[in-house]
Amino acid sequence: GAGVSQSPSNKVTEKGKDVELRCDPISGHTALYWYRQSLGQGLEFLIYFQGNSAPDKSGLPSDRFSAERTGGSVSTLTIQRTQQEDSAVYLCASSSPSGGPYGELFFGEGSRLTVL
Amino acid sequence: AQSVTQPDIHITVSEGASLELRCNYSYGATPYLFWYVQSPGQGLQLLLKYFSGDTLVQGIKGFEAEFKRSQSSFNLRKPSVHWSDAAEYFCAVAGNAGKSTFGDGTTLTVKP
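These protein sequence lines map, in sequence, to chains Y and E. Residues in the first sequence are numbered from 1 upward in steps of one, following the working numbering. Residues in the second sequence are numbered from 1 upward in steps of one, following the working numbering.
Chain Y extracted, bound-state conformation:
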């Protein structure tokens, strides 16, 4: 597709289970971001991948959160031993190298995670 694709769009899980959220960025976009949007809140930065550089993991809230990006394209955000406070919408965004380091972010529609 032409845009950023995220799956699943909705995920309901039980406390303590692990979840994986997938992001497929726009083809050719070298930068990929994960943000978390809790109810009524702004966007909380989680992690940033840029090409083959080491990712910026400074926003990950705990060691239960991890992310990887395979082949410079698809990314997976994994949350282990989920807690109720992890319930949120997880947004993925990508940007083009032609836009420079401060280029426009293209967002997916998000994955809504509900932890019961």
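The set of hints was computed from the structure by calculation and includes no laboratory data. Every residue gets a Cβ at the ideal spot worked out from N, C-alpha and C, and that includes glycine. One or more of the hints may lead you astray.
Not the full set, but computed from the structure, chain Y residues with beta-carbon under 10 Å of chain E [to be verified]: (1) G40; (2) D56; (3) P61; (4) A88; (5) L91; (6) G103; (7) F106.
Heads up, simulated SDA-like pairs for lysine to any residue below, C-alpha to C-alpha not over 25 Å straight-line [stated by the list, open to error]: (8) K15/Y with Q41/Y; (9) K99/E with Q41/Y; (10) K61/E with L19/E; (11) K57/Y with G43/E; (12) K99/E with S62/Y; (13) K99/E with G59/Y; (14) K99/E with S96/Y; (15) K99/E with R64/Y; (16) K61/E with R77/E; (17) K49/E with Q2/E; (18) K49/E with S98/Y; (19) K99/E with Q58/E; (20) K57/Y with G95/E; (21) K99/E with K15/Y; (22) K49/E with P97/Y; (23) K99/E with I26/Y; (24) K61/E with L48/E; (25) K99/E with F45/Y; (26) K49/E with E44/Y; (27) K11/Y with Q45/E; (28) K57/Y with F45/Y; (29) K11/Y with Q42/E; (30) K49/E with G42/Y; (31) K49/E with K11/Y; (32) K68/E with K111/E; (33) K99/E with R112/Y; (34) K61/E with S96/Y; (35) K99/E with V74/Y; (36) K99/E with G42/Y.
FRET-style restraints, in silico, Cβ to Cβ [to be verified]: (37) G62/E with R81/Y: 45 to 53 Å; (38) D63/Y with E15/E: 45 to 53 Å; (39) P7/E with P97/Y: 30 to 38 Å; (40) D63/Y with T109/E: 36 to 44 Å.
Go by the hints and put chain E onto chain Y.
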């Protein structure tokens, strides 16, 4: 550290009225500023951006924003609001190798 403040959590305007959404930022160097809009159940879409040059920037859907360095502000404006403009609006500042920091958003309600 960079930060963004959107003082208004919720704004209601009548259709056809003018709109101004406030955004204040904190950043040590020249900021790269953005406004995004999020319609219900959708991802964020870029409205406009400021990198340098003319401090009044034009965006899509008839929106504009003015960068005021002395006030550390980047307020979003529209002369006449349409019902379809009802959404949540986010201001963002980019720095640190491209990592964008977002405000908490302003929800716009449009009265008929």
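So, going through the hints one by one against the coordinates:
1. G40: Because about 8 Å separates G40/Y from the closest Cβ in chain E, which is inside the 10 Å limit, the hint holds.
2. D56: holds (6 Å)
3. P61: Hint on P61/Y: violated, closest Cβ of chain E at ~16 Å, above 10 Å.
4. A88: violated (14 Å)
5. L91: This hint holds: L91/Y lies near chain E, its Cβ roughly 6 Å from the closest one there, short of 10 Å.
6. G103: holds (8 Å)
7. F106: Cβ of F106/Y sits 8 Å from chain E, so the hint holds.
8. K15/Y with Q41/Y: holds (22 Å)
9. K99/E with Q41/Y: OK: K99/E and Q41/Y at ~18 Å, within 25 Å.
10. K61/E with L19/E: holds (13 Å)
11. K57/Y with G43/E: holds (22 Å)
12. K99/E with S62/Y: holds (19 Å)
13. K99/E with G59/Y: holds (10 Å)
14. K99/E with S96/Y: Holds. K99/E to S96/Y sits at ~14 Å (cutoff 25 Å).
15. K99/E with R64/Y: holds (22 Å)
16. K61/E with R77/E: holds (11 Å)
17. K49/E with Q2/E: holds (17 Å)
18. K49/E with S98/Y: holds (15 Å)
19. K99/E with Q58/E: Holds, because 23 Å separates the two Cα atoms, which is no more than 25 Å.
20. K57/Y with G95/E: holds (15 Å)
21. K99/E with K15/Y: violated (31 Å)
22. K49/E with P97/Y: The given pair, whose Cα atoms are some 17 Å apart, holds under the 25 Å limit.
23. K99/E with I26/Y: holds (18 Å)
24. K61/E with L48/E: holds (10 Å)
25. K99/E with F45/Y: With a Cα-Cα distance of about 8 Å, the restraint between K99/E and F45/Y holds, given a limit of 25 Å.
26. K49/E with E44/Y: Answer holds: K49/E to E44/Y is near 20 Å, not above 25 Å.
27. K11/Y with Q45/E: holds (23 Å)
28. K57/Y with F45/Y: holds (9 Å)
29. K11/Y with Q42/E: This hinted pair holds, its Cα atoms lying about 16 Å apart.
30. K49/E with G42/Y: holds (18 Å)
31. K49/E with K11/Y: Violated. K49/E to K11/Y sits at ~33 Å, over the 25 Å cutoff.
32. K68/E with K111/E: The hint is violated at about 30 Å.
33. K99/E with R112/Y: holds (23 Å)
34. K61/E with S96/Y: holds (23 Å)
35. K99/E with V74/Y: Holds. K99/E to V74/Y sits at ~19 Å (cutoff 25 Å).
36. K99/E with G42/Y: holds (15 Å)
37. G62/E with R81/Y: 45 to 53 Å: holds (47 Å)
38. D63/Y with E15/E: 45 to 53 Å: Between D63/Y and E15/E, where Cβ atoms are some 49 Å apart, the hint holds.
39. P7/E with P97/Y: 30 to 38 Å: The hinted range 30 to 38 Å holds for P7/E and P97/Y, with Cβ atoms some 35 Å apart.
40. D63/Y with T109/E: 36 to 44 Å: Since the Cβ atoms of D63/Y and T109/E sit about 40 Å apart, the hinted range of 36 to 44 Å holds.
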